[in-house]
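We have chain G already, so just place chain L on it with the hints.
Residue numbers (the working numbering), protein chains in the order written: chain G, 6 to 423; chain L, 6 to 423.
Simulated from the structure, these hints should not be mistaken for lab results.
The following label-pair restraints were derived from C-beta to C-beta distances:
no., chain 1, residue 1, chain 2, residue 2, range
1, G, Arg368, L, Gly50, 56 to 64 Å
2, L, Asp239, G, Arg328, 40 to 48 Å
3, L, Phe256, G, Ser68, 41 to 49 Å
4, L, Ser96, G, Lys405, 45 to 53 Å
Idealized CB from N, CA, C, for every residue including glycine.
Here's the letter readout for the chains.
2 protein chains.
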Amino acid sequence: MALIVQKFGGTSVGSVERIRNVARRVAKWRRAGHDVVVVPSAMAGETNRLLALAAELQAQPDSRELDVVAATGEQVTAGLVAMALIEAGASARSYTGWQVKVLTDSAHGKARIVSIDDARIRRDLAEGRVVVVAGFQGVDGEGNVTTLGRGGSDTSAVALAAALKADECQIYTDVDGVYTTDPRIVPEARRLHTVTFEEMLEMASAGSKVLQIRSVEFAGKYKVPTRVLSSLTDPMLPVEEEARAGTLITFEEDPHMAMEKAIVSGVAAQRDEAKITVHSVPDKPGIAYAILGPIADANINVDVIVQNVSHDGMTDLSFTVSRGDLPKAMKILKDQVKPHIKCKEVTGDDRMAKVSIVGMGMRSHAGIAAQMFRTLAEEGINIQMISTSEIKISVVVDEKYAELAVRVLHKAFQLEQE
Amino acid sequence: MALIVQKFGGTSVGSVERIRNVARRVAKWRRAGHDVVVVPSAMAGETNRLLALAAELQAQPDSRELDVVAATGEQVTAGLVAMALIEAGASARSYTGWQVKVLTDSAHGKARIVSIDDARIRRDLAEGRVVVVAGFQGVDGEGNVTTLGRGGSDTSAVALAAALKADECQIYTDVDGVYTTDPRIVPEARRLHTVTFEEMLEMASAGSKVLQIRSVEFAGKYKVPTRVLSSLTDPMLPVEEEARAGTLITFEEDPHMAMEKAIVSGVAAQRDEAKITVHSVPDKPGIAYAILGPIADANINVDVIVQNVSHDGMTDLSFTVSRGDLPKAMKILKDQVKPHIKCKEVTGDDRMAKVSIVGMGMRSHAGIAAQMFRTLAEEGINIQMISTSEIKISVVVDEKYAELAVRVLHKAFQLEQE
Numbered sequence: 006m007a008l009i010v011q012k013f014g015g016t017s018v019g020s021v022e023r024i025r026n027v028a029r030r031v032a033k034w035r036r037a038g039h040d041v042v043v044v045p046s047a048m049a050g051e052t053n054r055l056l057a058l059a060a061e062l063q064a065q066p067d068s069r070e071l072d073v074v075a076a077t078g079e080q081v082t083a084g085l086v087a088m089a090l091i092e093a094g095a096s097a098r099s100y101t102g103w104q105v106k107v108l109t110d111s112a113h114g115k116a117r118i119v120s121i122d123d124a125r126i127r128r129d130l131a132e133g134r135v136v137v138v139a140g141f142q143g144v145d146g147e148g149n150v151t152t153l154g155r156g157g158s159d160t161s162a163v164a165l166a167a168a169l170k171a172d173e174c175q176i177y178t179d180v181d182g183v184y185t186t187d188p189r190i191v192p193e194a195r196r197l198h199t200v201t202f203e204e205m206l207e208m209a210s211a212g213s214k215v216l217q218i219r220s221v222e223f224a225g226k227y228k229v230p231t232r233v234l235s236s237l238t239d240p241m242l243p244v245e246e247e248a249r250a251g252t253l254i255t256f257e258e259d260p261h262m263a264m265e266k267a268i269v270s271g272v273a274a275q276r277d278e279a280k281i282t283v284h285s286v287p288d289k290p291g292i293a294y295a296i297l298g299p300i301a302d303a304n305i306n307v308d309v310i311v312q313n314v315s316h317d318g319m320t321d322l323s324f325t326v327s328r329g330d331l332p333k334a335m336k337i338l339k340d341q342v343k344p345h346i347k348c349k350e351v352t353g354d355d356r357m358a359k360v361s362i363v364g365m366g367m368r369s370h371a372g373i374a375a376q377m378f379r380t381l382a383e384e385g386i387n388i389q390m391i392s393t394s395e396i397k398i399s400v401v402v403d404e405k406y407a408e409l410a411v412r413v414l415h416k417a418f419q420l421e422q423e
Numbered sequence: 006m007a008l009i010v011q012k013f014g015g016t017s018v019g020s021v022e023r024i025r026n027v028a029r030r031v032a033k034w035r036r037a038g039h040d041v042v043v044v045p046s047a048m049a050g051e052t053n054r055l056l057a058l059a060a061e062l063q064a065q066p067d068s069r070e071l072d073v074v075a076a077t078g079e080q081v082t083a084g085l086v087a088m089a090l091i092e093a094g095a096s097a098r099s100y101t102g103w104q105v106k107v108l109t110d111s112a113h114g115k116a117r118i119v120s121i122d123d124a125r126i127r128r129d130l131a132e133g134r135v136v137v138v139a140g141f142q143g144v145d146g147e148g149n150v151t152t153l154g155r156g157g158s159d160t161s162a163v164a165l166a167a168a169l170k171a172d173e174c175q176i177y178t179d180v181d182g183v184y185t186t187d188p189r190i191v192p193e194a195r196r197l198h199t200v201t202f203e204e205m206l207e208m209a210s211a212g213s214k215v216l217q218i219r220s221v222e223f224a225g226k227y228k229v230p231t232r233v234l235s236s237l238t239d240p241m242l243p244v245e246e247e248a249r250a251g252t253l254i255t256f257e258e259d260p261h262m263a264m265e266k267a268i269v270s271g272v273a274a275q276r277d278e279a280k281i282t283v284h285s286v287p288d289k290p291g292i293a294y295a296i297l298g299p300i301a302d303a304n305i306n307v308d309v310i311v312q313n314v315s316h317d318g319m320t321d322l323s324f325t326v327s328r329g330d331l332p333k334a335m336k337i338l339k340d341q342v343k344p345h346i347k348c349k350e351v352t353g354d355d356r357m358a359k360v361s362i363v364g365m366g367m368r369s370h371a372g373i374a375a376q377m378f379r380t381l382a383e384e385g386i387n388i389q390m391i392s393t394s395e396i397k398i399s400v401v402v403d404e405k406y407a408e409l410a411v412r413v414l415h416k417a418f419q420l421e422q423e
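In isolation and in its complexed conformation, chain G is listed as follows (with noise of 0.2 Å):
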């Protein structure tokens, strides 16, 4: 009899008739006899609706003010999950953030969890009821509702895992695991019965949607066996059957596993990209950080950043930025940077795309940038910029070549085999 924690995301929860459903199929776990904590996010669309009445109101809204609105769209699934839970037959109770508690600093809107009270949520389990807690909320040292961020009830759902220490954190989602790549560009994609936690953060950064990236750190930091599942299944699934599906996150790392390991794992592709040039700047300590400095303070996310080898003390700097960012960083870097490190031009494109090929076993062979990089070349693409780590190679491309390069390489590296 293990103890799980469930989340369901906001397509999971749509609708009363999905939230019938999440009901059915925790309902059979309960039934099976094993511990369950479940964690719903708001139905889908009410986080955006709120915010835009927050919006309407205020153009940078308050961001303790916007906390205390965002959170109830949680605290409304979760009461909701729990009738629901109760019209099923389950023993059920809900609990919001500050009931739990879950203890997070002051960042509003982007709040870390500190640490979680799990007294009633044993004894609520002790008594042989489902405890549902609203997912993405939290409260700090003050009293004040906080909200994790975007994807924060994937992080609810990892961190209660982690508290309790239970057996399995259970993400139901929409998609029903983890794939070699999008299976909407490449149909022979592969679903990934397990993944390692290493993996899964590379992919994220990539850009697969699956999982939000602080809940993979999460899950790592507190070693939470992660299993990312399909809500759209039929909900009364044999148990023993629903136990294996989708993809685990894995932290065991099994040598002899990694030996029949495939190299690459999967290929991710991050779309809405614009890459920034800086043209022709002197190549001195300090020159990287007063571009990037006023970026960081606007708070513009850069992701890939290349500066290459200098001709006679001059070098061009390029960084990706998301499109949406693109004029805003443009403006920083004409108005304020430009005047101050004297470079030649600013250039920026926004139909860029990342293109990712992610896995453990790149560690300990050589050559797969080298085998990337020609299965572009052989179809035309043009390397813009690359980035590697130890266990993930990204190029910058062409948008318009984004899929075709998913494509080659998910063919290149053999990932429809088992």
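Positioned in the frame of chain G, the structure of chain L alone reads:
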């Protein structure tokens, strides 16, 4: 410089534009140097939307979980009103019921306030902030979310005013005060500048929808000067003018004022009533309880009760219930009561209305009832039941005569004259 609690109903915060107007109005009072606590209801329609979601999941929603869901409506408005105030240049902060905290008993859906901790509110007021407190909600001793029932935000506001010993509790609504009767029925209806607490209580129970009866009781218990006024006037109306607007509920009984006071203050009608008569029951002790006990056990509210004198040891007992409760009440009487008390028959009529006249002056003036009955008789309106209290006379009539009765009584008691 006064301390004022301002409550805004669902219509007053029913859209972003209206919330902006609320903020302008509140900020104006703050700028005039007053300490202001704002209590908003949920946006019009929101509570019904939430209750409908719950009702789809459970025919009789779990009362604890229903409160978790229902309380979010006011939490959203509290945050939005605080944002609008900040945008309007006022320093502001919102609190939920559990943050204040508003401690209640555990009667979910109809909780009663036990105590209010004013520490956080006083601290914020001292720092120059407007404090926004979500209405309708509280928290019980176990930390569960509770709600006060329909119209509970009025009660929240009056209770906060009592706890803070506020100088005035202003209830902003979609009417501009308490009238001698419903102006939609009688165009000559006149707004009362003041009304006594006792009159307000009788008017509320007689069908006036201006204030929830529980909030009036609360105002009376703690002698909170409470003003009913319109949120639809120009929000920039000068403070001195707004301070005299609407209708003030008073507690001081000034003998001089009473002398000059009109005998009758208002006429009210309650539609959607149903009359039930249990015919020919033995006139003996315990018979009323035998009939009305099972009705009360089924949570059906009984309003007017009349028992006529007996003939040959037999009498008729008549009482009114809400029209919606008639079928349930009839079933209880026929299935459970009739077999035991051996009455002749039970009849029901679901087209009734209660028309009442209310006034402190009635205490010391004879002949008011006679004038009321004569006025109705002259219009051919048959009185089916009569019930009186010290400052109210109610009659039950065929519903089709309700408006006519209100109009002729308003005229007969010259209520259109100051």
